[in-house]
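**Q** What follows is each chain in one-letter form.
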Amino acid sequence: MKTALRIVIGISVAIVAALPLGKIALDRGEQVNAMWLLLAAFCVYFLGYRFYSRFIAAKLLVLDAQRATPAERLDNGRDFVPTNKWVVFGHHFAAIAGPGPLVGPVLAAQFGYLPGTIWILLGAIFGGCVQDFLILLFSVRRDGKSLTEMAREEVGRLGGFVAYLAIISIIVILLAVCALIVVNALKASPWGVFTIAMTVPIALLMGFYLRRLRPGKVLESSALGFVLVLLAIWAGQVVSRSAVVSSWFSWSGPVLATVIIVYGFAASALPVWLLLAPRDYLSTFVKLGTIAMLALGIIALRPTLHMPALTRFVDGTGPIFAGKIFPFAFITIACGAISGFHSLISSGTTPKMIRREPETRMVGYGAMIAESMVAVMAMIAACVLQPGIYFAINSPAGIVGKAPEAAAATISNWGFPVTAEGMHVLAQSVGEETLYNRTGGAPAFAVGMAHIFSSSLGGQTLMAIWYHFAIMFEALFILTVLDAGTRVGRFMIQDALGHVWKPLGRTSWYPSILATSGLIVAAWGYFLWQGVKDPLGGINSLWPLFGIANQLLATVALCVATTIVIKMGKQRLVAVTLVPLLWLVSVTFTASWHKIFDPNPRVGFLAHARQLGASAIPSLDASRVILNDRLDAVVTGLLIFLVALILVESFLLWRRVLSGRQPAAVKESPFVMTRFAAEEQG
Amino acid sequence: MKNQKRATSMEDPPRVWFPGAAGKTHLSRLAWLPRFAAILASLLQEIFDESAYHRFLERNQISSSTRAYAAFREENDRLKAQRPKCC
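Protein sequence lines, in the order shown, are assigned to chains D and F.
The first sequence: position 472 = 472 (our numbering), numbered continuously.
The second sequence: position 68 = 1068 (our numbering), numbered continuously.
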């Protein structure tokens, strides 16, 4: 009876899901309400969680409630702590939710809302959620080991090495692209720069409150910090209206990039915890609150999507980034659909907090669904804008021209009407001089979010405040990703160099700290500088590179997962990991091929270098761009080569195991009976 | 220490969950609220390291003070510095 009821509920939800999916996919020439998107997403997530994740948990992984987790066996009250599943869920979600699911969908909206939305939903259900769930469970069964350690033990030494290099590469490119987003959002924006600058004294005050006045009361101090940040946003408006004071905070892209590079180095090399720790808390506080507010705002406003389902740019001529839907839509949206970076979190802190094995399903699969939902909301925020406005904000000057009239005319000629006057009014309403050429996705997302918030609360009078709130929110948590990432990168380099010369591996030896901090900052700083100086806005070359690196890390994670599945003797169900793996291989390898060899100079790095080299008047700028293009091509080629190596190594291992030439033995921790089961029964 | 029940997030509140699950009166329909609030509080305390600080105090058998918090920060920050934040 129960089974019949489940089947009836499942079929009903499937029918309900088919309606909004059909609506968003088939409506042409009509504007669609965002609620259809949300409804479709809810139904797809429900079906995915209720049936697919349950199938994986029961048939593939055979989750064992009797088996003690490392959190229980190795409980030390520090990093191994058995924790309530809802708390782990929230903790894991807070760790995986970064700027990626907000920025990627905004950029991919240049194809229209449909391709990105379908990829977000299907990519998450069959790819991202599966990856996070499986890597989490496999790490739980291996005492919370990291992805690199699992790759080394289960695939081979080469696998571990490739995973290590992939992680370092993705960290470098991620940090560069994150920094570039902040630069593009804050350049020539005294209001934005002032607000972010004010978070420094606010964080110091929070640090003082935490250490001296109320030790350990982080929530209190974060709430206090949040109120002060709101005041800073309000004060930013006053600053932007004063000609003298606003000139102090009106910085160009290169100046902002320099400041961010110095900040990254200081955050990694100097003991500035009094600033960084409270700012990290403040950023998390703002991030979680804003995501919740955005969800409520969309539900309250039920906005209409002005972006068509598909735009003319599906042919690969998009102004934001060049390249056709396949493969570029699938690497532009990584977080929100499938992100290799999540496998680091799923094999980092989270497995050490899981109390019972079956909870990995809710935490791993469920938190990724929540992240995917954030990506859908970002897509909505971008698509509620008039397409002309969306393209005016996101298109680089190199494509649409610097003069407002020229840019508006170019964009209108594409079939997306916009006027220079309209853009000027919009810029004034959000308290900016101009909104043209604000590439990177963050300003477009902020305008969309401000539109949703101001329509629900405060009207046009609060539009500027909401816009700067959104910019502050994005910049603040991107900067915490930046300082945390630089430190993690520094630790990884120290760890590797320690094998060459022991003192270099000592995390407390200052010469080593300075040298390795300098190395990691120089690496991402170089790419950042390249992006800032790029006439095409930098995003055109850096975001696809980031997407490729991130998806390649997911390829490594799925390789490890597939290997373990085969070794577990579950070959019959290997499609669960093999299908997303093959999809990612086809996407990343095709994208890399295009980025290196495509004859279109807007797509291929080498073609672009050739085009510049052939120009009549060679300049210093042109030679620098040529060098950068070639470097980008080499980096992409190297990443692909490394991942090809792990694929070959994995394939050979699978063949040996399947043909019986190698025993199918997984390297799990021995079974220990949990005491929680007995406690619950007693 | 390991087997002691700690005043942290590992404690599970009673298993009454969603509206209507506990019975039919108006009051009992709201029985899920305290549990929801408790979990939300635990979640925030975990994310913002307040639970970690309490565990630190228990582990070292000391009470909260500026010196204890400084020691906790030193230990905790070293752990946190090695954790990546996702993109």
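These are computed hints drawn from the structure, not numbers from a lab.
Bear in mind the structure is a predicted one, so any value in this text is a computation, not a measurement.
Just to be clear, a hint being listed does not mean it is correct.
[What the hints assert, rightly or not] If the Cβ cut is set under 7 Å, some of the chain D residues that face chain F in the computed set are: (1) Val87; (2) Gly90; (3) Ala94; (4) Trp251; (5) Val255; (6) Pro358; (7) Met362.
Even for Gly, the Cβ is constructed at its ideal location relative to N, Cα and C.
**Q** Going through the earlier hints one by one, which of them does the structure break, listed in rising order?
**A** 4, 5, 6, 7
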